[in-house]
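Residue numbers (our numbering), protein chains in the order written: chain F, 226 to 515; chain Z, -8 to 370.
Hints are computed from structural coordinates only; laboratory data are not their basis. Here the structure is a predicted model, which means the values were calculated and not measured. The reader is advised that the hints may include incorrect statements.
[Claimed, not checked] In silico DSS-like cross-links for lysine-lysine, where the CA-CA straight-line distance does not exceed 27 Å:
no. : chain 1 : residue 1 : chain 2 : residue 2
1   : Z       : Lys106    : Z       : Lys52
2   : Z       : Lys57     : Z       : Lys69
3   : F       : Lys340    : Z       : Lys69
4   : Z       : Lys71     : Z       : Lys320
5   : Z       : Lys320    : Z       : Lys16
6   : Z       : Lys315    : Z       : Lys52
7   : Z       : Lys57     : Z       : Lys320
8   : Z       : Lys123    : Z       : Lys69
9   : Z       : Lys289    : Z       : Lys277
10  : Z       : Lys57     : Z       : Lys284
11  : Z       : Lys71     : F       : Lys340
12  : Z       : Lys16     : Z       : Lys345
13  : F       : Lys340    : Z       : Lys36
14  : Z       : Lys252    : F       : Lys340
15  : F       : Lys340    : Z       : Lys284
16  : F       : Lys340    : Z       : Lys289
17  : Z       : Lys57     : Z       : Lys289
18  : Z       : Lys151    : Z       : Lys174
[Stated by the list, open to error] Derived coverage of chain F by chain Z (criterion: at least 3 residues anywhere in the stretch with Cβ under 8 Å from a Cβ of chain Z; other residues may be distant):
no. : region
19  : 238 to 245
20  : 334 to 342
21  : 439 to 448
A virtual CB, placed ideally from N, CA and C, is assigned to each residue, including glycine.
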Amino acid sequence: MSDLLQFLVSGVTVGAVYALVALGFTIIYNASDVVNFAQGEFVMLGGMISVAGVAAGLPLPLAALIAIALTAAIGVALNTFAIEPARGTPVVSLIIITIGASIFIRGVTQIVLDKGTHRLPSFSGDDPIRVLGATVLPQSLWVVAGAVAIFVALWLFFTRTLMGRAVLATSNNRLAAQLVGINTRFVMTFSFALSAAIGALAGVLITPILPTSFEIGITLALKGFAAAMLGGMGNPKGALAGGLLLGLMEALTAGYISSHYKDAVAFFVILAVLFAFPRGLYGSNPVERV
Amino acid sequence: MKRIVTGALALALLATAAPALADIKIGAVVSETGPASSLGDPEAKTIRMMVEELNAKGGIKGEKAKLVLYDDGGDPSKAKTFATRLVEDDGVVAMVGGTTTGTSLAILAVAEESKVPFISLAGAIEIIDPVKPFTFKTPHTDRMACQKIFDDMKARGLTKIGLISGTDGFGASMRAQCIAVAKTSGIEIVADETYGPKDADMTPQLTNIRNKPGIQAVLNTGFGQGPATITRNYAQLGITLPLYQSHGVASNAFIELSGAKNAEGVRLPGTALLVGELLDPKDPQKPVVLAYKASFEKAASAPVSTFGGYAHDAMRILTEALNKAPSAKPAAIRDAIEGTNGLVGTTGTYNYSKTDHLGLDLSAFRMLEISNGGWKLVK
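Work out the full structure: start from the sequences and follow the hints.
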């Protein structure tokens, strides 16, 4: 019984990490239909810049704020200098641009910061909390709480605010959105800034659990993308559910079947889900209104 | 008349050939950038530094050494291209490098084909077993690490162990070696788990290992951040069995990433380089290790790493062989390297022979224990 609980704790911890990355994917996808493969780099930047800030003697909250602000600025730069000029090209070209940008960010980080692996101190210590025979690290609770908080905020943003609806409208039909008075250029800039900021916040939250280095974004983007696909691309609810599900599958496979098949089983389930529900668990069917 | 022309031609040939011998060209291919850069970067810095030192001291038999160094970015096919270029265009007399096992295997294919001596800086035993005529290597093999760890376990009376391994090349290779070595050394592996090297949490695997009846110790094979996560999860789960790690984590960064409290008591085989100050004053490696540490840290303003030490040893072996060899012909250099005897490096004392291109024995590994956030030699 305590074993099962330990596996679940592990799955939720890892799943929350994936969900945080997947949530970042949803915003840019909602605004532009583009899957931003530099999302993992935003997470990496959040961690790496915070680490550099703490090493320079700043208190962690201030270092984290600087990291989030800087990453948001890099997100805006990505949109202004790489995505916006290529506007009108097929979505595939835009996705390739984001892959190029991710390689570029990785390279620059390697030179400007360093090639080492770093860890931030846990926010509330490293003493595990015991629950019915299983142990939870306090930092896991921070990550889970962060994922849930960002999810709620995004959900409210997309459903309750004018700006959120403007983002969705821009995604649905850029021209029509412009005709009803939405500043689509601003919407795009805003989406990239928000997505980068969320990525960076995720990076700050997970670095005490998952040490960061310039190349960590690749793995995170891959797992986060899988989680987003599983839940339904562009849906915050899907990102959260997909991330947690993926984490739980990995942990339960490692615990009950074999750790050798952990990744294989997870991807097998994703493929199975996509065969049954091609748009993911929470994906909506496209409705064209004329 | 014809004879005179031939003679003149021969003289001209000799004249043009002579300057080519004047500079002794040494080739290097390392992974200065890319995924193995944490290994290749100190290697490149060490090689450059040692060639400069060599020339400052008067070079080899009065000839200046010239270094041609390429960065393969961790890509074996690039490594192969650069090795070919070193041999065919640059005309090097010997090569060092091959940061990873993959790039080393690519370079050694070129070295063997063109018969140019090559000293590899990578771990896998395949590089020198079976012995290839022109390929040598300086680091210990993962098989030796398993032997060293199992010897220490047996000395503590631990025979039933759990194995957990990274799925990366290093972790998988060492896992296979440890399973093979366990059969003949009286160690029983009762659990065998794996993890992705970038995974955020390994508590399910460790929970399963903990639940195996009669288990006495745990061994993790892998390098990078994975072993640090294992160490933190181990403390999180409150497992009190002795934990062993591989030589792949023998650096201070590992203690930092794990947290000193979590890493307390972790044992691993490492080189003398890591614990230079702790060595016995009579230890022959002590002056070598301290000298390299001082000059590297001055030149690179970064702490020394085991990997730079491998490059240091390779350059020492090569320099000695070039000084001893009767000519700069590859075969003569190869024979001189094979004649290396009692050369004290940072990794161990090298005794190469025709049948041994590794030249190290188990005494080269030191069993280390992490204590109070630092290292302690296990007697």
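We went through each hint and held it up to the structure:
1. Z:Lys106 <-> Z:Lys52: holds, 23 Å
2. Z:Lys57 <-> Z:Lys69: Holds, at roughly 22 Å.
3. F:Lys340 <-> Z:Lys69: Holds: Lys340 (chain F) and Lys69 (chain Z) sit about 21 Å apart, inside 27 Å.
4. Z:Lys71 <-> Z:Lys320: holds, 22 Å
5. Z:Lys320 <-> Z:Lys16: Roughly 12 Å separates the two Cα atoms, so the pair holds.
6. Z:Lys315 <-> Z:Lys52: holds, 9 Å
7. Z:Lys57 <-> Z:Lys320: holds, 16 Å
8. Z:Lys123 <-> Z:Lys69: holds, 22 Å
9. Z:Lys289 <-> Z:Lys277: holds, 18 Å
10. Z:Lys57 <-> Z:Lys284: holds, 24 Å
11. Z:Lys71 <-> F:Lys340: Answer holds: Lys71 (chain Z) to Lys340 (chain F) is near 25 Å, not above 27 Å.
12. Z:Lys16 <-> Z:Lys345: holds, 25 Å
13. F:Lys340 <-> Z:Lys36: The given pair, whose Cα atoms are some 15 Å apart, holds under the 27 Å limit.
14. Z:Lys252 <-> F:Lys340: Holds, at roughly 25 Å.
15. F:Lys340 <-> Z:Lys284: holds, 21 Å
16. F:Lys340 <-> Z:Lys289: holds, 20 Å
17. Z:Lys57 <-> Z:Lys289: holds, 22 Å
18. Z:Lys151 <-> Z:Lys174: Holds, at about 12 Å.
19. 238 to 245: holds (count 3)
20. 334 to 342: Result for this restraint: holds, n = 4.
21. 439 to 448: holds (count 3)
Consistency with the previously given hints is maintained throughout, with no hint failing.
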